[in-house]
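Chemist: Throw the hints in and build the complete structure from the sequences for me.
There are 2 protein chains.
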Amino acid sequence: MKKQQQLRPGSYQSGTGFIHRYQELVRKEMIPYQYDVLWDRIPGTEKSHVIANFQNTARLLKGEQPEEGFYGMVFQDSDLAKWIEAASFSLINHPDPELEKELDDVIRLIGEAQDTDGYLNTYFTLNGKEKRFKDLLEGHELYCSGHMMEAAAAFYQATGKDSLLKIMEQNVDCIYRHFIEEKAPGFPGHPEIELALLKLYHLTGNQKCLELAQHFINVRGVDTEFYRKEAEARDWSIWGNDPNNGEYQQSHMPVRKMKDAVGHSVRAVYLYTAMADLASLTGEAELLEACRALWDSIVNRRMYVTGAIGSTVIGEAFTVDYHLPNDTVYGETCASIGLMFFASRMLELDPDRRYADVMERAFYNTVLAGIQLDGRHFFYVNPLEAVPGVSGKAQTHLHSLIVRPSWYACACCPPNAARLIESIGMYAYGENETTGFCHLITEGKVTMENGLSFLCETEYPYGFQVTYRIEKGGKTLALRIPGWSRSWKAEKNGQALPQNLVKGYLYVETADGDEITLYLDDSIRRLYASSKVAADTGSACIQRGPLVYCLEGVDNGGDVLSLRLKENGAAKALPYDASLLSGIIPLELEGYVSAPQEELYSDRKPEQIPCLLHAIPYYAWSNRGENQMRVWIPEEK
Amino acid sequence: MKKQQQLRPGSYQSGTGFIHRYQELVRKEMIPYQYDVLWDRIPGTEKSHVIANFQNTARLLKGEQPEEGFYGMVFQDSDLAKWIEAASFSLINHPDPELEKELDDVIRLIGEAQDTDGYLNTYFTLNGKEKRFKDLLEGHELYCSGHMMEAAAAFYQATGKDSLLKIMEQNVDCIYRHFIEEKAPGFPGHPEIELALLKLYHLTGNQKCLELAQHFINVRGVDTEFYRKEAEARDWSIWGNDPNNGEYQQSHMPVRKMKDAVGHSVRAVYLYTAMADLASLTGEAELLEACRALWDSIVNRRMYVTGAIGSTVIGEAFTVDYHLPNDTVYGETCASIGLMFFASRMLELDPDRRYADVMERAFYNTVLAGIQLDGRHFFYVNPLEAVPGVSGKAQTHLHSLIVRPSWYACACCPPNAARLIESIGMYAYGENETTGFCHLITEGKVTMENGLSFLCETEYPYGFQVTYRIEKGGKTLALRIPGWSRSWKAEKNGQALPQNLVKGYLYVETADGDEITLYLDDSIRRLYASSKVAADTGSACIQRGPLVYCLEGVDNGGDVLSLRLKENGAAKALPYDASLLSGIIPLELEGYVSAPQEELYSDRKPEQIPCLLHAIPYYAWSNRGENQMRVWIPEEK
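Just so you know, the protein sequences line up as chains U and P, in that order.
With my numbering applied, the first sequence covers 4 to 640.
With my numbering applied, the second sequence covers 4 to 640.
Keep in mind the hints are simulated off the structure, nothing from the lab.
In this text, all values refer to a predicted model and were calculated from it rather than measured experimentally.
Do not take every clue at face value.
Identical chains share a label here; the pair holds if one copy fits it or two copies do between them.
[What the hints assert, rightly or not] Here are the simulated DSS-like cross-link-like pairs (lysine-lysine), alpha carbons at most 25 Å apart as the crow flies:
id, residue 1, residue 2
1, K186, K232
2, K608, K575
3, K396, K262
4, K575, K396
5, K396, K260
6, K211, K132
7, K169, K211
8, K640, K608
9, K134, K164
Modeler: In structure tokens:
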């Protein structure tokens with residue numbers, strides 16, 4: 004059943020191109036910056052207390068008096084976990100003894116903050132052991148454990164050291180004892196541990212991990228009253244969320260019955276990722292069918308053209324089919340990262356470019372848009388339309404910021420993006436015994452366990468010639484031809500290859516020294532949304548390669564709302580400009596600017612004056628101050 | 004300063020046309036239906052307990068045991084007040100001894116529910132006298148008193164009976180004692196009593212009414228901390244609203260400093276109405292300037308093309324300039340009624356058609372859209388776009404219903420619309436010693452105190468010839484030429500009149516027997532919103548006469564979102580169809596239907612297939628079941 008699997012960390016080394024620049028941004032800016040945040044060392048930024056929470060927990064467990072109680076969000080521990088994971092992947096890509104020492108130190112601290120029974124969570128250790136596992140709805144204990152398991156796996160893969168792995172195996176024992184041996188009811192309010200347990204299982208073969216993951220997936224939503232009963236059994240709660248809002252945390256029905264992607268979008272895609280991974284392990288048709296239905300629900304009816312998901316801030320959630328407002332969208336960076344996870348697991352089951360196309364869409368647009376080009380400011384929310392004066396100001400738009408803040412009290416997205424970028428090779432490539440899969444086009448060197456190794460040379464996403472120089476061949480190379488590439492050709496050693504695709508992949512036999520080149524479509528394309536999407540009717544959006552473009556005020560006389568795109572008008576890619584927005588190819592498109600209309604409503608259509616529209620890649624928006632921005636532009640003949 | 008004033012109730016009698024049909028709907032359906040609701044006599048409808056609350060209060064005050072405690076919203080008393088007002092106006096228009104007896108009976112009951120000190124409120128009398136005037140933020144005591152004062156005025160004008168007037172003058176004494184003599188701090192959380200006190204003052208000359216109205220207007224927002232202090236001084240509250248959200252209840256600054264229309268839109272326009280009335284009485288320039296600024300803020304930057312106001316359900320409030328989403332709008336029926344009040348008071352100060360144009364826009368579109376054609380179902384929220392599956396379903400659209408429910412627990416809008424329609428002549432006409440003003444075009448007979456009387460004959464809003472047959476002349480007739488009427492002509496006794504307008508009014512000298520005829524523009528017009536309104540870019544809306552049109556699914560193959568309006572395409576008014584939607588003129592417009600696109604996003608623009616679009620007046624939408632509906636239609640060449 005399992006067609007192929009993710010590449011091991013370290014099997015992909017970026018070269019000097021686009022991906023490399025982002026990995027360097029993560030390594031040089033985000034990881035050190037986030038480390039300082041964990042330690043509360045950034046003046047003027049809200050304190051995170053992440054390390055302080057672990058230190059105080061360690062003191063308490065040693066019988067000393069903590070200096071302070073727990074501080075921060077209940078899931079604050081996961082910030083450290085995600086930082087460890089990102090730093091570990093960075094170590095693989097770029098050895099750094101100082102960083103490794105920092106990792107050793109914080110892992111030692113984590114060990115000291117672990118209770119003798121393996122329990123690990125600073126909030127519940129500092130706030131009273133009697134509350135453990137009593138608020139699965141909001142407590143995030145299992146969520147934090149899950150992230151720490153992922154960190155343990157990455158640190159082990161980076162260094163061969165099992166220090167964190169041992170801590171987390173004891174934690175697995177603790178959780179296993181509670182939920183399996185002692186048969187405690189319930190399942191995590193925020194899915195995450197399921198995919199993490201499966202990751203540990205893949206790495207270590209620990210059967211308890213598999214059993215626990217299956218357990219949490221199988222019992223979820225079976226007792227739809229569980230959270231209500233749980234809430235009634237205690238006289239406290241973390242936030243007082245409604246325990247009856249089952250859709251929010253995907254506890255409204257058993258997972259195998261799910262057909263529509265609903266609720267908190269990060270919770271949703273984390274759960275679906277684990278479901279797909281489990282289906283891949285067990286080959287269970289019913290679970291796989293649910294995964295396919297949920298995938299279709301997202302990408303066919305509930306996803307933005309930028310790969311953003313979550314149409315509303317209310318519950319940071321999916322809403323209903325075709326409801327995709329561009330201005331009030333939530334579109335959390337983490338949700339698009341989770342969508343990449345889900346896509347990656349679906350690809351393992353079924354190497355079909357439809358999964359990789361979405362993974363690429365989410366990565367190059369929403370995930371990268373979450374990060375300022377300086378690596379020090381971040382969006383949680385990724386709108387497709389921003390209007391100064393409305394965005395961040397109107398009651399309905401308070402979540403929709405127009406410039407990236409430096410950090411958040413709830414800091415999930417920045418470290419999540421960091422770990423994703425440092426481990427992008429795991430998503431870009433896959434392998435099985437016979438074949439190496441190239442799902443994403445990323446320049447650099449790939450060394451697979453099946454023996455295949457090659458160098459990928461390209462200026463992608465700004466260049467559309469992609470050359471694979473096979474160092475060690477003898478296996479099949481499966482090259483995804485992106486769905487957006489209307490025309491393409493491929494050559495091996497200068498000879499054209501037949502255009503036979505299997506589910507969007509070109510399967511090429513390789514030998515040592517082969518040179519395989521793809522020529523993808525470099526045209527500027529327009530996308531049209533289905534008329535069912537009320538927000539986009541009459542408008543088009545611009546895409547070139549995998550990049551969705553947008554219009555920003557700073558390039559367009561300040562006023563994007565007055566611009567119209569000329570239907571079938573000329574569109575030109577300007578030369579690559581290394582000095583603009585860390586290096587982009589801007590586009591020029593024929594369009595119109597609507598003459599100013601002072602009246603709110605007028606019975607005379609303002610003159611549509613021909614002009615050139617200047618578009619930049621969406622991921623690079625909001626790097627030049629407050630700006631109008633639009634992805635969907637009304638078309639005019 | 005005071006240029007003209009509203010017509011007395013009863014000075015306008017509708018004929019047999021459009022207004023008459025609505026007045027008959029109110030008289031035959033709404034008033035009896037609402038009366039039964041007050042008495043909890045409608046099976047299957049949520050009980051209102053309005054009369055029951057008064058009965059129980061009366062029992063308590065007699066020293067008997069109430070059968071039940073207070074039930075309903077804290078402002079439930081105002082439902083009875085608005086019904087009395089509507090029924091009284093109806094009595095003026097159409098004498099009805101049975102209805103008058105019902106009025107006498109409920110007024111007797113109100114008297115029995117009044118405390119010996121003049122205090123009148125069933126919630127606070129049943130829930131403990133010690134709470135009186137302690138929660139001005141949410142308690143609505145002064146709001147309910149205000150509505151009852153308006154009812155008292157109307158009942159007196161209808162019958163000459165001062166029974167309710169006496170009750171309310173005692174209530175004025177009670178409020179005066181508390182706020183003026185005893186110098187209690189504070190002002191009403193929901194403005195209403197200010198305009199009501201001024202109405203009583205105009206009727207009776209009671210100086211206490213003027214003084215109290217001035218007091219409440221003058222102290223409002225001076226102590227911006229008042230509600231916080233009030234909340235801190237008690238250990239209970241009605242709903243627990245945030246006392247610091249000053250904009251919500253317009254307590255964020257002194258009224259004379261206000262420039263932007265903010266907060267709860269009904270509260271806002273009720274306050275502005277009283278401010279304009281007071282400015283008109285006192286001639287105070289500063290207050291008048293604030294009124295003008297607030298007017299401009301609404302109509303130039305924060306009003307929908309339907310005359311709806313309140314861009315968000317969050318606080319049922321204004322948001323920011325040019326933020327006018329068509330689907331998530333609140334657009335409460337009551338807010339547009341309040342906007343008509345405000346317009347009417349501004350017209351008294353300054354007979355300029357810009358006020359009357361807005362009054363007409365609000366009336367013929369949002370106010371009438373609030374009422375099902377059967378008179379038994381009502382919208383609070385009046386969206387400009389409705390999409391089954393999204394409207395009423397998505398978390399952001401739960402308020403935006405797609406069919407009118409029969410009644411609401413919070414039943415403010417239906418009786419508010421009823422009283423407005425029955426007293427429409429007061430808004431349509433004005434007078435001073437020398438001149439009769441026709442602000443709105445309503446068929447029927449007008450008899451002014453200045454001696455002028457005339458008959459207005461027209462099929463407006465579906466016919467654009469308007470004939471005024473002067474019965475008693477000798478005064479000037481000031482006829483508003485609507486701002487939307489690009490071309491027009493006027494004749495007196497068959498002779499063309501010069502097209503000299505003063506602020507949009509044609510001033511015509513009259514003599515007994517004169518016949519003055521207006522020929523207004525019957526063309527089908529397109530309106531374009533300023534590009535600053537993101538939601539409307541690239542779209543047009545259709546208007547004919549004062550009626551905004553919309554496309555509804557039932558007339559257009561079910562799918563309105565796929566329709567485009569042909570730029571400069573032909574548009575045709577079909578013959579008046581008496582059997583359709585209680586009688587309308589449907590429009591046919593050249594347009595396109597976008598070929599179906601199954602993919603969520605496609606890089607091929609769907610074919611735009613020429614077709615005819617079928618438009619109906621917006622006020623008549625949602626009378627034929629669940630339907631897509633749109634006011635703003637994307638244009639295509």
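Chemist: Tell me the hint numbers this structure goes against, listed in increasing order.
Modeler: Structure breaks hints 4, 9.
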